[in-house]
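Visitor: The primary structure of each chain is shown beneath.
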Amino acid sequence: MAMAATETLPIEASASPGYWQSVGRRLLRDPVAMGALAVLVIIVLAAVLAPWVAPADPYKATMVRRLRPIGYPGYPLGSDELGRDMLSRLIYGGRLSLFMGVVPVLLAFVIGSGIGIFAGYVGGRINTVVMRTIDVFFAFPSVLLAIALSGVLGAGIINSIVSLTVVFVPQIARVAESVTTQVRSRDYVEAARASGANALAVVRVHVLGNVLGPIFVYATSLISVSMILASGLSFLGLGVKPPEPEWGLMLNTLRTAIYSQPLVAALPGLMIFLTSISFNLFSDGLRTAMEVKQ
Amino acid sequence: MIALDPDRDRGGPGTPLLAVQSLTKHFGRKASVFARNNAVVRAVDGVDFTVRKGETLGIVGESGCGKSTTARLVMQIIKPDAGEILFDGEAVGGRALSLASYRRQVQMVFQDSYASLNPRLTVEDTIAFGPKAHGLGAKAAIARAHDLLHRVGLEPARFAGRYPHEISGGQRQRVNIARALALEPRLLILDEAVSALDKSVEAQVLNLLLDLKDEFGLTYMFISHDLNVVRFMSDRVMVMYLGKVAEIGGSDSLFEKPLHPYTAALLSSMPSMDPDKRTEEAPLAGDPPNPINPPPGCRFHTRCRFAATLCAHAEPVLTGGDDHRAACHLADPQSGHPRLAA
Numbered sequence: 001m002a003m004a005a006t007e008t009l010p011i012e013a014s015a016s017p018g019y020w021q022s023v024g025r026r027l028l029r030d031p032v033a034m035g036a037l038a039v040l041v042i043i044v045l046a047a048v049l050a051p052w053v054a055p056a057d058p059y060k061a062t063m064v065r066r067l068r069p070i071g072y073p074g075y076p077l078g079s080d081e082l083g084r085d086m087l088s089r090l091i092y093g094g095r096l097s098l099f100m101g102v103v104p105v106l107l108a109f110v111i112g113s114g115i116g117i118f119a120g121y122v123g124g125r126i127n128t129v130v131m132r133t134i135d136v137f138f139a140f141p142s143v144l145l146a147i148a149l150s151g152v153l154g155a156g157i158i159n160s161i162v163s164l165t166v167v168f169v170p171q172i173a174r175v176a177e178s179v180t181t182q183v184r185s186r187d188y189v190e191a192a193r194a195s196g197a198n199a200l201a202v203v204r205v206h207v208l209g210n211v212l213g214p215i216f217v218y219a220t221s222l223i224s225v226s227m228i229l230a231s232g233l234s235f236l237g238l239g240v241k242p243p244e245p246e247w248g249l250m251l252n253t254l255r256t257a258i259y260s261q262p263l264v265a266a267l268p269g270l271m272i273f274l275t276s277i278s279f280n281l282f283s284d285g286l287r288t289a290m291e292v293k294q
Numbered sequence: 001m002i003a004l005d006p007d008r009d010r011g012g013p014g015t016p017l018l019a020v021q022s023l024t025k026h027f028g029r030k031a032s033v034f035a036r037n038n039a040v041v042r043a044v045d046g047v048d049f050t051v052r053k054g055e056t057l058g059i060v061g062e063s064g065c066g067k068s069t070t071a072r073l074v075m076q077i078i079k080p081d082a083g084e085i086l087f088d089g090e091a092v093g094g095r096a097l098s099l100a101s102y103r104r105q106v107q108m109v110f111q112d113s114y115a116s117l118n119p120r121l122t123v124e125d126t127i128a129f130g131p132k133a134h135g136l137g138a139k140a141a142i143a144r145a146h147d148l149l150h151r152v153g154l155e156p157a158r159f160a161g162r163y164p165h166e167i168s169g170g171q172r173q174r175v176n177i178a179r180a181l182a183l184e185p186r187l188l189i190l191d192e193a194v195s196a197l198d199k200s201v202e203a204q205v206l207n208l209l210l211d212l213k214d215e216f217g218l219t220y221m222f223i224s225h226d227l228n229v230v231r232f233m234s235d236r237v238m239v240m241y242l243g244k245v246a247e248i249g250g251s252d253s254l255f256e257k258p259l260h261p262y263t264a265a266l267l268s269s270m271p272s273m274d275p276d277k278r279t280e281e282a283p284l285a286g287d288p289p290n291p292i293n294p295p296p297g298c299r300f301h302t303r304c305r306f307a308a309t310l311c312a313h314a315e316p317v318l319t320g321g322d323d324h325r326a327a328c329h330l331a332d333p334q335s336g337h338p339r340l341a342a
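Listed in order, the protein sequences are those of chains A and B. FYI, this note's numbering numbers position 19 of the first sequence as 19, with every residue one higher than the one before it. FYI, this note's numbering numbers position 237 of the second sequence as 237, with every residue one higher than the one before it.
No false leads were slipped in.
Partial list, derived from the structure: chain A residues whose beta carbon lies under 7 angstroms from chain B:
1) Arg-186
2) Asp-187
3) Glu-190
4) Gly-196
5) Val-205
6) Gly-209
7) Asn-210
Below 25 angstroms or equal to it, Euclidean Cα-Cα: the simulated DMTMM-like pairs (lysine to aspartate or glutamate) are:
8) B/Lys-213 - A/Asp-187
9) B/Lys-257 - B/Glu-55
10) B/Lys-79 - A/Asp-187
11) B/Lys-139 - B/Glu-155
12) B/Lys-213 - B/Glu-55
13) B/Lys-199 - A/Asp-187
14) B/Lys-199 - B/Asp-235
15) B/Lys-213 - B/Glu-184
Worth flagging that the hints you see were computed from the coordinates, not collected in a lab. For each residue, glycine too, the CB sits at the ideal point set by N, CA and C.
Taking the hints into account, I'd like the entire structure generated from these sequences.
Guide: Okay, here's the thing in structure tokens:
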């Protein structure tokens, strides 16, 4: 706080904005990315502040008012097959759905970047061994792999996260490896190595800064995939267990109402679609903002 | 002659700073089992030379002759297949001279001033990286960076916080020079360091390099394809052709009386400032042969106008006095080349 009062020195006046500052400025000028970000912020805030935002208790069931239509008095978005308030369940459901979307990708980002950057920087035979091992995972379609792993590990949130992480690690590792291989052959990395610095210092200062951006962009595009896969696992009964509100699980339990209340039954799917497309549009905007002549 | 620092000059003034013996690098050999072709590029094929303390050795040759590979081999960025590098009389990587300590003493300035600077680092961070990696404190390293910026003619207050894309090519190359000097090297390899610059900027950077050489007591390996620049900078010149040394000698002697026909052809291709001495015809026809399958015998015989049957069979070795040697049968009175008898 005290820094605000400090006079700017003439040296600082000529200091130029860093790379991330200019990326941020370009991102702010992108209406699509900003719109997507606004939607995401609303969804995340609603999920985090659910106890204050939600109009009703998401677990409170009433047998008399089951499957009410959208706009029914007291139920702004109708009620589900057990008479629970849909709006409240959608708001609370965002908590688990976002968690299942972000956490596996975050874990895979850390593990996959580690593997990929290591393989890419070391190169040679070690790279071949690591990357061909990673390729084995690509033999399975990701949905199948997630279902198979969850099936073996058993139902539950933790097991779903583990299996989704395993699905994403190879994909992120592959991107990390290819970006690192490119950066490694640049003259500035050669110059850094020629200065006699150890490999860790070269990677930390010269490789990470040029590599993490592209990997991060790729990872954000996986969040929507992760959410859909997690919803799929819940739908199959391998993820979240009832009566927890979760969009995929809600889609599953409401499928019987598809003929009587199609609009209500479609609401969880709409939320999944809205959130994942917002993540995708935002990551597209981020990539465009980062693709600048440096 | 400049004074050499007695503390660092271990081998004495008579020992060459760098002595390279039968340095060899073939690319494409022993590739993985998945590699399809087994073609071997003989990028550097048995090169010997020395760099004396305090001198500038110019290295010239056409594209693909092995100049840059030689530089990278000396830098130890790539490992040689064979050959020995002695630095101040000590084998690199041996007991007396570790690779880390060698790397501090030999630095390089690359041709592409932009690609050789990390786009995410400010100018001062780029220069301070090497000293920090060698254990200098962050503040001291930044102070050294500012001092070096000043010495290469960039005002630290204006340039220290800039990013590479915000400064001009000449300024970037000055930053690269400052970065190379940050470790207080004794040998500086300049690999086409001024080739990408405008002529006026090039002249400024060349003068800066000459000043820095005196100031820091440096020895240069100056690689370029521009013969005028090489002559301006170098005490001695080495001419390379297809991974081999064609001729090596004192700058004046080599430029006035070239012994190798290839050197002579290169020199006659130099644009002259004198309108009476026009370059009438291209002295060298065609491209150099493919280094994957270099011609047998003398590698230059396919383009040499003095080529005889001998040249296609016997490979000439470097002969001549210590000051000026050439790998040509014409330079060796015992070779039996028909033109010598005439």
